[in-house]
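Asks: Below are the chains, spelled out letter by letter.
Protein chains: 2
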Amino acid sequence: MSTIAVDAMGGDSAPEEVVKGAILAKNQGVDVILSGDENLISTYLGSEQIPIVNYPQVISMDDDPAKAIRTNKNSSILGALNLLKEKKADAVFSAGSTGASLIGAISVLGKIKGVTRPTIATVLPAQDREVILVDSGANLEVKPKILYQFAVMGSKLSELLFEIDNPRIGLVNNGEESSKGRELEKSTYKLLNSSELNFIGNVEGKDFANSKVDVFVTDGFTGNVVLKTMEGVARLQMNMISDSLKENLLKPLLTPVKNAMSPVRDALNPNSTNGSYLLGVNGLVIIGHGSSNAEAIKNALLFTKRAIDKKFINKFSKVSNEL
Amino acid sequence: MSTIAVDAMGGDSAPEEVVKGAILAKNQGVDVILSGDENLISTYLGSEQIPIVNYPQVISMDDDPAKAIRTNKNSSILGALNLLKEKKADAVFSAGSTGASLIGAISVLGKIKGVTRPTIATVLPAQDREVILVDSGANLEVKPKILYQFAVMGSKLSELLFEIDNPRIGLVNNGEESSKGRELEKSTYKLLNSSELNFIGNVEGKDFANSKVDVFVTDGFTGNVVLKTMEGVARLQMNMISDSLKENLLKPLLTPVKNAMSPVRDALNPNSTNGSYLLGVNGLVIIGHGSSNAEAIKNALLFTKRAIDKKFINKFSKVSNEL
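Line order of the protein sequences matches chains G and U.
Start counting the first sequence at 0; every next residue gets the next number (numbering that gives the first Met the number 0).
Start counting the second sequence at 0; every next residue gets the next number (numbering that gives the first Met the number 0).
Each statement offered as a hint is correct.
DSS-like, lysine-lysine: derived pairs with alpha carbons at most 30 Å apart: (1) U:Lys257 with G:Lys257; (2) G:Lys66 with U:Lys142; (3) G:Lys66 with U:Lys189; (4) G:Lys211 with U:Lys245; (5) U:Lys245 with G:Lys250; (6) U:Lys87 with U:Lys110; (7) G:Lys257 with U:Lys245; (8) G:Lys245 with U:Lys245; (9) G:Lys144 with U:Lys142; (10) G:Lys245 with U:Lys211; (11) U:Lys112 with U:Lys72; (12) U:Lys110 with U:Lys86; (13) U:Lys144 with G:Lys185; (14) U:Lys310 with U:Lys144; (15) U:Lys87 with U:Lys309; (16) G:Lys84 with G:Lys317; (17) G:Lys245 with G:Lys257; (18) G:Lys144 with G:Lys317; (19) G:Lys245 with U:Lys250; (20) G:Lys84 with G:Lys66; (21) G:Lys309 with G:Lys84.
Label pairs and their computed distance ranges (CB to CB): (22) G:Asp63 with U:Asp164: 30 to 40 Å; (23) G:Lys185 with U:Glu37: 33 to 43 Å; (24) G:Lys110 with U:Lys144: 35 to 45 Å.
If the Cβ cut is set under 10 Å, some of the chain G residues that face chain U in the computed set are: (25) Met60; (26) Pro124; (27) Val171; (28) Glu176; (29) Phe207; (30) Ala208; (31) Phe220; (32) Thr221; (33) Arg234; (34) Gln236; (35) Ile240; (36) Ser243.
It should be emphasised that the hints constitute simulated quantities derived from the structure, not laboratory data.
Just so it is clear, CB atoms sit at the ideal spot from N, CA and C, and this is done for glycine as well.
Whole structure, please, built from the sequences with the hints as guidance.
Replies: As structure tokens, then:
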């Protein structure tokens with residue numbers, strides 16, 4: 000039986016939406032423990048039976064993560080991480096402050112040997128199969144050696160999740176030529192090019208539409224902007240298509256066409272479907288989006304359950320040998 | 000009569016596609032002069048009559064722009080810029096090396112008084128009306144004061160092009176809170192917040208789907224990645240929609256639906272439609288995409304013609320007073 004420790008106070012609509020999402024997930028066979036304010040959680044649980052550990056302190060998006068983790072020992076994220084540390088859970092899920100999850104995980108679980116900075120990897124849809132974007136928001140400013148480590152961790156994740164031998168690695172840049180980029184990309188290019196990784200070279204945002212690489216490597220600032228641009232552009236285009244169809248198509252056709260497109264509607268919205276992997280700490284931690292509603296929380300918990308079932312996290316720690 | 004000086008040797012498929020595009024534009028009433036290798040251009044012109052100035056040297060995407068401009072006095076981009084400088088043309092268009100256009104324009108036309116770094120502004124489709132992204136690739140690494148100047152120039156462009164009073168300015172960041180971002184964004188936020196600009200605050204990639212701001216301000220690295228991600232995601236989503244429609248819709252409906260969506264097909268591909276404005280130099284310079292084919296060149300020249308007709312470039316130089 001696999002169990003997820005859920006940070007019940009993390010997220011814009013926590014604890015209500017998180018608790019509701021946990022109930023939905025439980026009804027689909029996911030075993031969860033809720034970490035947070037026991038009284039509040041009980042209110043939203045009603046007659047549902049889900050174990051609670053009482054860690055009532057809340058770390059908000061505005062708090063300085065390092066300080067908040069240091070001074071809030073009873074924060075919900077630390078409660079969830081403790082459950083994982085004590086082997087009472089197999090994974091942690093949080094839709095709260097990414098920085099707090101990151102620093103909390105380093106503090107409670109420890110970093111994998113050799114990892115300088117843990118990172119966040121997001122699985123994205125692409126043309127032929129899913130791809131990984133790393134870092135997608137954990138480390139805004141990095142050095143070439145850190146980006147190199149992100150590439151190694153992204154490669155390992157791709158190998159383990161998708162059973163790809165020698166995943167193809169691309170460095171996100173403003174052009175394909177090796178001379179392109181800031182000092183960061185120029186130096187990282189050289190590091191990657193002389194490494195054991197299957198480094199394909201520089202890639203651009205337009206390469207999300209083809210299957211040139213399996214792992215897109217970039218700093219957390221660029222990665223975060225890329226993810227959110229993806230979301231914004233997909234929604235904008237959907238709205239434009241909807242307007243264009245209304246204008247140019249016979250009315251009776253609109254509903255069947257809308258239905259036929261619906262599988263795509265949210266596919267490129269990382270908010271609505273996926274969780275992201277916190278890589279480089281000793282344990283499985285999945286990060287969800289702050290704006291998650293109950294349905295998104297449920298999906299993220301199902302995603303976390305699948306991540307546990309893949310049993311990749313112990314194998315992932317062998318990334319130490321490749322750093 | 001407005002005349003465009005065209006860098007005939009600039010672009011991945013130059014001079015052939017550029018010359019063909021110039022012929023298409025001429026046939027739609029655009030007055031052009033071609034700068035480049037006279038013999039080569041003549042071959043592609045055939046019996047068409049378009050004036051040529053003989054500047055046969057080519058600066059490629061791989062060349063170091065500063066060095067190339069210094070050592071290739073007969074390069075096609077310098078020929079085009081000279082025509083503008085000598086008032087034999089009203090604008091320059093180039094699909095060649097952006098760096099060479101930038102440095103060439105600074106060298107031949109000079110910077111507008113007070114401008115530290117000229118920038119590239121791209122007009123993008125958005126929910127209600129077009130928006131401006133600045134910098135979209137000219138300056139990869141910048142300081143807060145430079146980003147502030149980009150914001151001032153973007154605001155002025157928005158005001159003049161779209162007749163918006165007090166355009167709303169947003170700083171592209173990894174979150175909305177004022178504490179978000181790298182040191183660059185944190186310092187720039189303060190500068191913008193205490194300025195005369197109509198600064199709305201931080202914006203994210205998802206805001207491309209709404210109409211929260213008129214001008215998105217960022218460094219050239221991030222801006223370039225955003226533009227290309229936009230292109231890649233739009234294409235990826237279109238492909239996904241196409242697959243989903245094929246799977247879920249009755250076959251006879253496919254063609255009318257495809258036709259009804261066609262106005263949107265390339266709307267979010269900056270390559271296929273727009274040119275970008277080189278801002279901060281004394282004269283109107285429009286940058287096209289290197290991958291432009293004849294049709295894209297024609298569209299970019301029509302775009303350049305409209306930019307001339309708007310007669311905004313002299314008014315734009317008054318941006319000096321606001322820097």
